[in-house]
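Student: Chain residues, written in single-letter form:
Protein chains: 2
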Amino acid sequence: MKRIYQGKTKDVYEKEDGTIRLMFKDEMTGKDGVFDPGENQVGLTVEGSGRSGLKVSQYFFELLNQAGIQTHFLAADLEEKSMDVKKAVVFGQGLEVICRYKAVGSFIRRYADYIESGADLNGYVEITIKDDERQDPFISKDALVLLGILSEAEYDLIKEQTKRICDLIKEELATKGLTLYDIKLEFGRGEKPGEIMLIDELSGGNMRVFNGEESVYPLDLETYLF
Amino acid sequence: MKRIYQGKTKDVYEKEDGTIRLMFKDEMTGKDGVFDPGENQVGLTVEGSGRSGLKVSQYFFELLNQAGIQTHFLAADLEEKSMDVKKAVVFGQGLEVICRYKAVGSFIRRYADYIESGADLNGYVEITIKDDERQDPFISKDALVLLGILSEAEYDLIKEQTKRICDLIKEELATKGLTLYDIKLEFGRGEKPGEIMLIDELSGGNMRVFNGEESVYPLDLETYLF
Numbered sequence: 042m043k044r045i046y047q048g049k050t051k052d053v054y055e056k057e058d059g060t061i062r063l064m065f066k067d068e069m070t071g072k073d074g075v076f077d078p079g080e081n082q083v084g085l086t087v088e089g090s091g092r093s094g095l096k097v098s099q100y101f102f103e104l105l106n107q108a109g110i111q112t113h114f115l116a117a118d119l120e121e122k123s124m125d126v127k128k129a130v131v132f133g134q135g136l137e138v139i140c141r142y143k144a145v146g147s148f149i150r151r152y153a154d155y156i157e158s159g160a161d162l163n164g165y166v167e168i169t170i171k172d173d174e175r176q177d178p179f180i181s182k183d184a185l186v187l188l189g190i191l192s193e194a195e196y197d198l199i200k201e202q203t204k205r206i207c208d209l210i211k212e213e214l215a216t217k218g219l220t221l222y223d224i225k226l227e228f229g230r231g232e233k234p235g236e237i238m239l240i241d242e243l244s245g246g247n248m249r250v251f252n253g254e255e256s257v258y259p260l261d262l263e264t265y266l267f
Numbered sequence: 042m043k044r045i046y047q048g049k050t051k052d053v054y055e056k057e058d059g060t061i062r063l064m065f066k067d068e069m070t071g072k073d074g075v076f077d078p079g080e081n082q083v084g085l086t087v088e089g090s091g092r093s094g095l096k097v098s099q100y101f102f103e104l105l106n107q108a109g110i111q112t113h114f115l116a117a118d119l120e121e122k123s124m125d126v127k128k129a130v131v132f133g134q135g136l137e138v139i140c141r142y143k144a145v146g147s148f149i150r151r152y153a154d155y156i157e158s159g160a161d162l163n164g165y166v167e168i169t170i171k172d173d174e175r176q177d178p179f180i181s182k183d184a185l186v187l188l189g190i191l192s193e194a195e196y197d198l199i200k201e202q203t204k205r206i207c208d209l210i211k212e213e214l215a216t217k218g219l220t221l222y223d224i225k226l227e228f229g230r231g232e233k234p235g236e237i238m239l240i241d242e243l244s245g246g247n248m249r250v251f252n253g254e255e256s257v258y259p260l261d262l263e264t265y266l267f
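Residue numbers (this note's numbering), protein chains in the order written: chain A, 42 to 267; chain B, 42 to 267.
None of these hints come from the bench; they were simulated from the model.
In this text the structure is predicted, and so the values were computed from the model without any measurement.
Which copy is meant is left open, so a pair is good if it fits within one copy or across any two.
With a cut-off of at most 20 Å between alpha-carbon atoms, the simulated PhoX-like pairs for lysine-lysine come out as follows: (1) Lys182 x Lys204; (2) Lys182 x Lys200; (3) Lys56 x Lys233; (4) Lys51 x Lys96.
Please model the entire structure based on the sequences and the hints provided.
Tutor: Right under this line is the structure:
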């Protein structure tokens, strides 16, 4: 098994059989010690956050796989803090696909002249390119196609899958009394021709969740699910 | 005739007959004394720039009107530095519709990881919302529709019209030996139901034009046209 990538919150290994093992770390994205899923920096190290993120990811990936959605998830080992996944290649240098149910975060920072903070957005989907240096710039469908990052058909498929996945997660959270404000996903191309699947993780660190008026701290999300 | 708006580069008056008179000023957008059509600040005052912008605008609006494109242009008076136009209402608090033929300016600042500076973009269209405080954030079709700024049909029409208008301007400039890099337009709703037209001005201050490897200073554009 050889390490092929060292990420901010996960390391990536390739196994002998060609599948991939993600090793979760106890680092979370944020700024000045405060968690922010929209941040690029590693802002804090929290004992147990890797295992918690993995446990929540496993929960949602199993839910999605049961619903027939294409994901990279194969199996998880909580003791080892590892997740085995199918091999996938990201689009360009990686895209973040954001689905928004409430106008908060960077959406409200951009469009505050047109909408109240916290207003309903009904699963609006937008994409940013992963680029720490340029702070993950927002990109349109036309620009993604123009730059050869996605085809039109891939964009449409990803947008439709994102809405479906996030609606399922939103509904699941609602059964626990929680409200999903927004969530970011990542997709990749699989080894079969035309195969596109949900990759990365699906934990509290990828979403803003509220319990009534109170923000749910990412590491506390598991206490609501189990 | 009463003044209804004071802009960075133009003042706007309403005439007795309900049409609008734009009075061009000698201010240009830029930063630290250097012209930049993407800037929001008034960066410099140049004697004669109002008249020059008007003369070039008249030239292009007449070209477009002859091609059957809906514009707000009615007449120009170079002595008075005024342009008479049809009444129109901007979308939201105003949109800037950018058509790009070369990857320069904010496009390359955002996507430099994916494209070489100066590469061909073939008339790629994108929209920003006018918001000086937030530096004119980029906005997608979906967000424009979601925020009630444009309908889907209006977006598609504006994108198609933009491409048509800018291709005509690009071809016209080519006959003068000039290359259009990018250009920003503004559209508005007219008084008739469903009427959408090109508004604002169409001068050197709205476009980046090159003569070979040399950038054409906005005020010099008229010397190539007449």
